[in-house]
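Participant: Each protein sequence line maps, in turn, to chains C and R. Here this note's numbering runs 3 ahead of the position in the first sequence, where the first position is 1. Here this note's numbering runs 67 ahead of the position in the second sequence, where the first position is 1.
Be aware that one or more of the hints could be misleading.
[Unchecked claim] In the DSS-like style, the derived pairs of lysine-lysine whose C-alpha atoms are separated by at most 30 Å in a straight line are: (1) C:Lys68 x R:Lys248; (2) R:Lys198 x C:Lys67; (3) C:Lys238 x R:Lys121; (4) C:Lys585 x R:Lys241; (5) R:Lys241 x C:Lys39; (6) R:Lys85 x C:Lys238; (7) C:Lys566 x C:Lys485; (8) R:Lys85 x R:Lys71; (9) C:Lys102 x R:Lys236; (10) C:Lys519 x R:Lys241; (11) R:Lys73 x C:Lys238.
Treat the hints as calculated values from the structure; they're not laboratory data.
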Amino acid sequence: MRTTVKTIIEKYNNDKTRLMDILMDIQNNFGFISDKFVEVIARETGLSIVDVEQTLTFYHFFSKKPVGEYAVYLNNSVVANMKGRAAVAKAFEEELGCKFGNLCDDGKIGLYNTACIGMSDQEPAAIINDTVFTSLTPLKVKGIVQQMREGKKVTEMIDVIGDGNNSSPLINSMVFNNIRKEGPVLFSEYEVGAAVKKVTEMTPNEVVDEVKSSYLRGRGGAGFPTGLKWEFCRKSEGPRYIHCNADEGEPGTFKERVILTELPKLLFEGMAIAAYALDAKEGIIYLRGEYKYLKNYLEAVLEEMKTANLLGENICGKKGFDFEIRIQFGAGAYVCGEESALIESAEGKRGEPRNRPPFPVQKGYLGMPTVVNNVETICTVVKIINNGADWFSMMGSHESTGTKLISVSGDCDFPGVYAIEWGMRIRDLLEIAGTEDVLAVQIGGPSGVCIGSKEFKRTISFEDIPTGGAITIIGKDRDIIKDVVVNYMDFFIDESCGSCVPCRAITVLMRNKLQKIIDGNGVMNDLDDLVDWGAKMKIANRCGLGQTAANPILTTLENFREKYEALIDKDSDYNTGFDLEKAVADSCAYVDRVPNL
Amino acid sequence: MSEKIKFTIDGKQCLAKKGQNVLDAALENGVYIPFLCHVKGVKQAGSCRICNVKVAGRTMTACTTPVAPGMEVENDIPELHDLRLAIIEALFVEGNHFCPSCEKSGNCELQALAYRYQMMVPRFPYSFPQKEIDASNSKILIDRNRCVLCKRCIRSFQDDQGRNLFAFKSRGHKVEINIDKECAVNLSDELAQEIMDVCPVGALIRKEKGFNEPIGTRKYDKKPIGSEITSVV
Numbered sequence: 004m005r006t007t008v009k010t011i012i013e014k015y016n017n018d019k020t021r022l023m024d025i026l027m028d029i030q031n032n033f034g035f036i037s038d039k040f041v042e043v044i045a046r047e048t049g050l051s052i053v054d055v056e057q058t059l060t061f062y063h064f065f066s067k068k069p070v071g072e073y074a075v076y077l078n079n080s081v082v083a084n085m086k087g088r089a090a091v092a093k094a095f096e097e098e099l100g101c102k103f104g105n106l107c108d109d110g111k112i113g114l115y116n117t118a119c120i121g122m123s124d125q126e127p128a129a130i131i132n133d134t135v136f137t138s139l140t141p142l143k144v145k146g147i148v149q150q151m152r153e154g155k156k157v158t159e160m161i162d163v164i165g166d167g168n169n170s171s172p173l174i175n176s177m178v179f180n181n182i183r184k185e186g187p188v189l190f191s192e193y194e195v196g197a198a199v200k201k202v203t204e205m206t207p208n209e210v211v212d213e214v215k216s217s218y219l220r221g222r223g224g225a226g227f228p229t230g231l232k233w234e235f236c237r238k239s240e241g242p243r244y245i246h247c248n249a250d251e252g253e254p255g256t257f258k259e260r261v262i263l264t265e266l267p268k269l270l271f272e273g274m275a276i277a278a279y280a281l282d283a284k285e286g287i288i289y290l291r292g293e294y295k296y297l298k299n300y301l302e303a304v305l306e307e308m309k310t311a312n313l314l315g316e317n318i319c320g321k322k323g324f325d326f327e328i329r330i331q332f333g334a335g336a337y338v339c340g341e342e343s344a345l346i347e348s349a350e351g352k353r354g355e356p357r358n359r360p361p362f363p364v365q366k367g368y369l370g371m372p373t374v375v376n377n378v379e380t381i382c383t384v385v386k387i388i389n390n391g392a393d394w395f396s397m398m399g400s401h402e403s404t405g406t407k408l409i410s411v412s413g414d415c416d417f418p419g420v421y422a423i424e425w426g427m428r429i430r431d432l433l434e435i436a437g438t439e440d441v442l443a444v445q446i447g448g449p450s451g452v453c454i455g456s457k458e459f460k461r462t463i464s465f466e467d468i469p470t471g472g473a474i475t476i477i478g479k480d481r482d483i484i485k486d487v488v489v490n491y492m493d494f495f496i497d498e499s500c501g502s503c504v505p506c507r508a509i510t511v512l513m514r515n516k517l518q519k520i521i522d523g524n525g526v527m528n529d530l531d532d533l534v535d536w537g538a539k540m541k542i543a544n545r546c547g548l549g550q551t552a553a554n555p556i557l558t559t560l561e562n563f564r565e566k567y568e569a570l571i572d573k574d575s576d577y578n579t580g581f582d583l584e585k586a587v588a589d590s591c592a593y594v595d596r597v598p599n600l
Numbered sequence: 068m069s070e071k072i073k074f075t076i077d078g079k080q081c082l083a084k085k086g087q088n089v090l091d092a093a094l095e096n097g098v099y100i101p102f103l104c105h106v107k108g109v110k111q112a113g114s115c116r117i118c119n120v121k122v123a124g125r126t127m128t129a130c131t132t133p134v135a136p137g138m139e140v141e142n143d144i145p146e147l148h149d150l151r152l153a154i155i156e157a158l159f160v161e162g163n164h165f166c167p168s169c170e171k172s173g174n175c176e177l178q179a180l181a182y183r184y185q186m187m188v189p190r191f192p193y194s195f196p197q198k199e200i201d202a203s204n205s206k207i208l209i210d211r212n213r214c215v216l217c218k219r220c221i222r223s224f225q226d227d228q229g230r231n232l233f234a235f236k237s238r239g240h241k242v243e244i245n246i247d248k249e250c251a252v253n254l255s256d257e258l259a260q261e262i263m264d265v266c267p268v269g270a271l272i273r274k275e276k277g278f279n280e281p282i283g284t285r286k287y288d289k290k291p292i293g294s295e296i297t298s299v300v
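Next comes chain C alone, as it looks inside the complex:
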């Protein structure tokens, strides 16, 4: 055992900055990372034991205890719940005779909850040993449990094969792309390698200028102008790095999954173009652990690109244009989608966002200037180089040029990926997605906004309602507070890195206050408190997660206040929610008495 661990560590040159990979390989090999393993890792990499544990215990998919020969991670997102997760979870528990969060069948099968796995268009879904199972039903669960008991390989348990490249032998997955609207940019036809060839005939500054004049803005959510980011990075002395953010963890988002499946060459070519513009020799794709089922396929495509001289040395025959890409897997931490947390994680540390300044373009990966761009952003660059900045900026709205991939899910007939022009009205999108009786639309995932029908005339754009791409449709029959807000708040509580006091503590306090209201103990003052505390969260925290963690409550309080007021007894202005009978239950039990109040 110990030799295997040492071999794994040596594979990464005993390099502490590769701690994520080391932990992941050990986790995959043994199903857990024991104290003994931690000690070996610490000794071999020159870290202290507590430092190794710091990284290990930060990530959802690393475990100090065995997770089972089969580790079932069942998504517990809002959309999963809408699509019947409760029955699926119950089926797993009944078949196995044990509860989620536990090992069943003498340690053979583990049941775990997990945050959105990027399959909102085909929920309920689960990941078992890196293989994705979609559109689950209680009946399917029965079959899966039986096959696990028989010791069948997970890859052989797949009964349906998805469309497009999902059927490639290297992916061989149940996942469907569900591309509903292709649009004129990303899914349009193009010649692989033409853009990278074209840039070798330009100077790096000309490439930056072309991207700048397209007014392309980051597609991850924040919308920072891409060309400007590149220009800032070029101002810092190298070596420089380009990182591709493929950590899409915002519940309800899955468009990157589709790009990675259908357009990986477009992505790698875009990274090569960025590398040329930045004079970067190394790039990293930070890919969420949930998408590990794409690993073999993406690595094969990388090799193919190298063979075609579109990556590697002297790319397209241009002397000195050398660029390599490595895939860095995440291990279940939403906050790593924040660019500086992503860099920390890629360096083998806990994914805690950094203080700014310095910005990543000044001091990023390994202290060097680093550009972090979203998958969709990088892919878009290729099309801009091919077709010109003018072609691109003609599309979209004034402050939001081009098109945007939107992941639509929830209560609609056609969940999937839509390439829309920026500036599209919400109600037009709702129409093509096949919806009726919509109560609310969650735009931009939990960190975004929840709007009601009065706002459906508004547009998806940076100047109106910006989004990284998640649109979750909430039907008339849903209970917006219990079905949506509670789930989103629990998500933020789980995913906070825990560094900033307000994010770590006040998110929990707001969630508790919400529960007090749900339990019928709310007074009007509680709503004022939530607004006040939420306002503080917005200004007091370091990163986007903390600044938006109160949004599920704040935006529903703004747009659906009547739903909260309906839970409140307006005649009462004082209620602590304290239950004396419950509080003394334990002590009464000790002395064999019943509470007598």
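Given chain C's structure and the hints, the job is docking chain R onto it.
Facilitator: Using the frame of chain C, we list chain R on its own:
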């Protein structure tokens, strides 16, 4: 090199060295900005968020913001007062702080901030969490009930090979501080004292020495925190 940068805090003219952060510069200019996680000379954490100030309408932590020429910093304003008080209160309810029996009472910066900000009853309900105490180290007792997770210890102490003596475990509200069982095995008395002194609260206590200094004669027993810089009116 000796060129100073001019900036203002609440209208008061101040001077800073190039590259200096707003917090250190403020303290040198006789302006008190409250803080909990900052330790002078140690890499900033920016995690307690108490030193949040406003610059051009945006809140930012003074400890992580370098002074820029002509910068106008807002510090002593009602909005920030309430924000800071809320953070202090959040820290009290998130842990279990039993001041009267604490070895650090009077030397505790959280307690002192609560006095300075005149905290009465926290606006948040207490959460009474279950926390584990780690007494396995021979010199230092870790009481996580009183820990504010400021990371001062993480950032301040490394062994001769540069390995951290302290680190976080887990994430979110489950995060906790841990001491390394190998690197911190033979702490000297001096280092143990330093560790206890760096901790702003009573989470890292030197074993058998916690009450060496009698309550009543301690740092904040007579004067409020920060009063050597800006007195409380």
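Participant: Now tell me if each hint is right for this structure.
Facilitator: Do the hints match the structure? See the list:
Distance restraint check for C:Lys68 and R:Lys248: the Cα-Cα separation of roughly 20 Å lies within the 30 Å cut-off, and the hinted pair is therefore satisfied. Under the criterion of a C-alpha separation no larger than 30 Å, the hint pairing R:Lys198 with C:Lys67 is consistent with the structure, at around 20 Å. With a C-alpha separation of about 28 Å, the suggested pairing of C:Lys238 with R:Lys121 holds against the 30 Å cut-off. Among the hinted pairs, C:Lys585 with R:Lys241 is consistent with the structure: their alpha-carbon atoms are about 25 Å apart, no more than 30 Å.
The suggested pairing of R:Lys241 with C:Lys39 holds, with an alpha-carbon distance near 23 Å, which does not exceed 30 Å. In summary, the hint linking R:Lys85 to C:Lys238 is supported, as the alpha carbons are separated by about 20 Å, within the 30 Å threshold. Of the pairs offered as hints, the one joining C:Lys566 and C:Lys485 holds, with about 10 Å between alpha carbons and a cut-off of 30 Å not exceeded. At most 30 Å may separate the alpha-carbon atoms for a hinted pair to count; R:Lys85 and R:Lys71 meet this at roughly 7 Å.
This hinted pair checks out: C:Lys102 and R:Lys236 have alpha carbons roughly 26 Å apart, not beyond 30 Å. Distance restraint check for C:Lys519 and R:Lys241: the Cα-Cα separation of roughly 22 Å lies within the 30 Å cut-off, and the hinted pair is therefore satisfied. Under the criterion of a C-alpha separation no larger than 30 Å, the hint pairing R:Lys73 with C:Lys238 is consistent with the structure, at around 26 Å.
Consistency note: the structure conflicts with none of the earlier hints.
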